[in-house]
Amino acid sequence: MAITTRQFDAVVVGAGGSGLRAALQLAEANLRVAVLSKVFPTRSHTVAAQGGVSASLGNEEPDNWHWHMYDTVKGSDYLGDQDAIEFMCRKANEAVIELEHFGMPFDRLDNGKIYQRPFGGHTSNYGERAVKRACAAADRTGHAMLHTLYQRNVRAKTQFFVEWMALDLVRNQAGDVLGVVAMEMETGEVAILHAKATLLATGGAGRIYSASTNAFINTGDGLGMAARAGIPLEDMEFWQFHPTGVAGAGVLITEGVRGEGGFLLNKNGERFMERYAPTVKDLASRDVVARAMATEIKEGRGAGKDADHILLKLDHLGADVIDKRLPGIREIAKKFANVDPAKDPIPVVPTCHYQMGGIPTNMHGQVLAGHSGNAIVKGLYAAGECACVSVHGANRLGTNSLLDLLVFGKASGEQVVKDLRADAIAHQDLPKDAADRALARLARLDSAKSGESVHEVGAELRRTMQLHCGVFRFPDSLAEGVRKINEVAERAGRLYFKDKSKVFNTARVEALELENLVEVAVSTMVSAHARQESRGAHDRSDFPNRDDANWMKHTFWYKEGNRLEYRPVNLKPLTVESFEPKARVY
Amino acid sequence: MGDLDRIRWQCRRGMLELDLVLNRFVEAELEGLSPEQLGVFRAFLAENDTLLLAWVMGQEEPPAQYTGLVRQLQQR
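In order, the protein sequence lines correspond to chains A and B.
For reference, each letter of the first sequence is one residue, going 1 to 586 in this note's numbering.
For reference, each letter of the second sequence is one residue, going 1001 to 1076 in this note's numbering.
Hints listed in this document are in silico derivations from the structure and should not be mistaken for laboratory results.
All of these numbers come straight from a predicted model, not from anything done at the bench.
Hints may be right or wrong, so weigh each one.
Partial chain B-side listing against chain A, Cβ under 10 Å, derived [claimed, not checked]:
id	residue
1	ASP1003
2	ASP1005
3	ARG1006
4	ILE1007
5	GLN1010
6	MET1015
7	ASP1019
8	LEU1020
9	ASN1048
10	THR1050
11	ALA1064
12	ARG1076
The following residues of chain B were derived to be distant from chain A, with all beta-carbon distances above 10 Å [unchecked claim]:
id	residue
13	TRP1009
14	GLY1014
15	GLU1029
16	ARG1042
The beta-carbon is built from N, C-alpha and C at its ideal position, and this holds for glycine as well.
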């Protein structure tokens, strides 16, 4: 089958914050850039980021990047690479100021400088006290950032391919990446986008969990493409969870509810936090609360017919207090949990929020070819949540995600410009089999006359991840999880949908997305099962402590053979002294 | 058919809350909408996510042309 080929200097897959920031760098260097996105760029998931972006501007009180770096290294539970962390924290001020010059409407102080507020985990003087480091545009920081970057790209004549889905990477015999095979949803047409540089910026894949705050589009398409092309995935066992998302929906219930006097109950109506944290009870830190909730569910004391959630009671506060102190909560609960919290408790469950692992890159966004050495995959770059630089290590600090996508979006864009200029390269010839993998996937789906339901296999995948690889992990359950997720992967090889039409066929898109989620889920489960320690977001009942002697290393998962390898953490910053591992106490 | 399928896809948004509300509505009501209602829904989907969220969650009053639609969305 002949398929259309289009040539560009660079192709960027994904139009969230990192993709747009990278594309801008490329377009402003007068490269011909194509940006692919499944949805209109300003509807990317970056729009949901509320908190802010961190930078040690020191507009409110003294601050500097050394302190920010310390906080980030400590927050990562010493799994973050200190060279990359230094790079990010040093670049933060420039990244924020540059964005302001692009027109980002940051909140301001009376003196005209950017307003900054405190945020969890950010301190001055190496952990001494909270510092005001987060820059925000009201509670719409992500939204403002996306719009600012999108407008700027339009001005720079970036070419957008909206409602296009990338299916697979094109790799030649030498292992170089020469672009992507992609599908236009409006027509179902498949094309090769032939490029000298391909940059993955596809965001996180939080949809592998049944309880997830992530939008439906967050299906790890870049990770799936990388895995199928033989590229490893790094540190996939590390996912950040929030203790209270609405069970079955994922929408967050603010921690303020417990702050105002709401508390958690198991199915027996017991206020169980009294057992886990006798003094502070329901106001214990996030990880303690989430772990207690997971333990109650695991031991059969969850509420509901499937004993799979916890109840958050706040009716005793009274409707007036709820309306006054917790505006919006009743609306959220009514809409997404079908309960009025002034009368009944809200069903909640620990809910996945952010992916720390991803496609391994160096701090210039170049994708690493493997776990040992610094060899890169020529022509391939990644940035943002789909990439693992690694600056977040085992646990991300709030506001560092928006910083990550600005700094590494730009850095990867700069690297592409440099690489294309230095080599003054022409396009390499496409291999004959360039589109074969993607076409074979489509052909199988389109010719299948029976098989597994996308909906059912997807639900089983999410259930398996939630039950066996959630916020608190148990050894027997992980072992069972590995067996079950491999079974899900096998079923996903036989996906079937009835409607074979070409135009905006959501069933076909969802099948392709599920194939990507499978790679993410399998890598997560296998990596988590193998890591015999607790570090950051990876919390195991049988290995409750961090084990620096054996496990201060990055996991590299390879699809081929479901194999794991490891790579030492880079403890050596660029210019400053190393931060030696200490217990992470706040 | 193609047009409804396009609308279905455009209910994929950047925020989970909108995915949930819009998809519930679409599953139950899309095929029963009149041509005029479809036109309004199409225009609505072209608005920003943050506006859609504020309207649907009742934090801001939607423009008059969306009042009926937003009420329908809120009932789902």
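Verification of the supplied hints:
{"no.": "1", "hint": "ASP1003", "verdict": "holds (9 Å)"}
{"no.": "2", "hint": "ASP1005", "verdict": "holds (4 Å)"}
{"no.": "3", "hint": "ARG1006", "verdict": "holds (5 Å)"}
{"no.": "4", "hint": "ILE1007", "verdict": "holds (9 Å)"}
{"no.": "5", "hint": "GLN1010", "verdict": "holds (8 Å)"}
{"no.": "6", "hint": "MET1015", "verdict": "holds (5 Å)"}
{"no.": "7", "hint": "ASP1019", "verdict": "holds (5 Å)"}
{"no.": "8", "hint": "LEU1020", "verdict": "holds (6 Å)"}
{"no.": "9", "hint": "ASN1048", "verdict": "holds (7 Å)"}
{"no.": "10", "hint": "THR1050", "verdict": "holds (5 Å)"}
{"no.": "11", "hint": "ALA1064", "verdict": "violated (22 Å)"}
{"no.": "12", "hint": "ARG1076", "verdict": "holds (9 Å)"}
{"no.": "13", "hint": "TRP1009", "verdict": "violated (5 Å)"}
{"no.": "14", "hint": "GLY1014", "verdict": "violated (4 Å)"}
{"no.": "15", "hint": "GLU1029", "verdict": "holds (16 Å)"}
{"no.": "16", "hint": "ARG1042", "verdict": "holds (13 Å)"}
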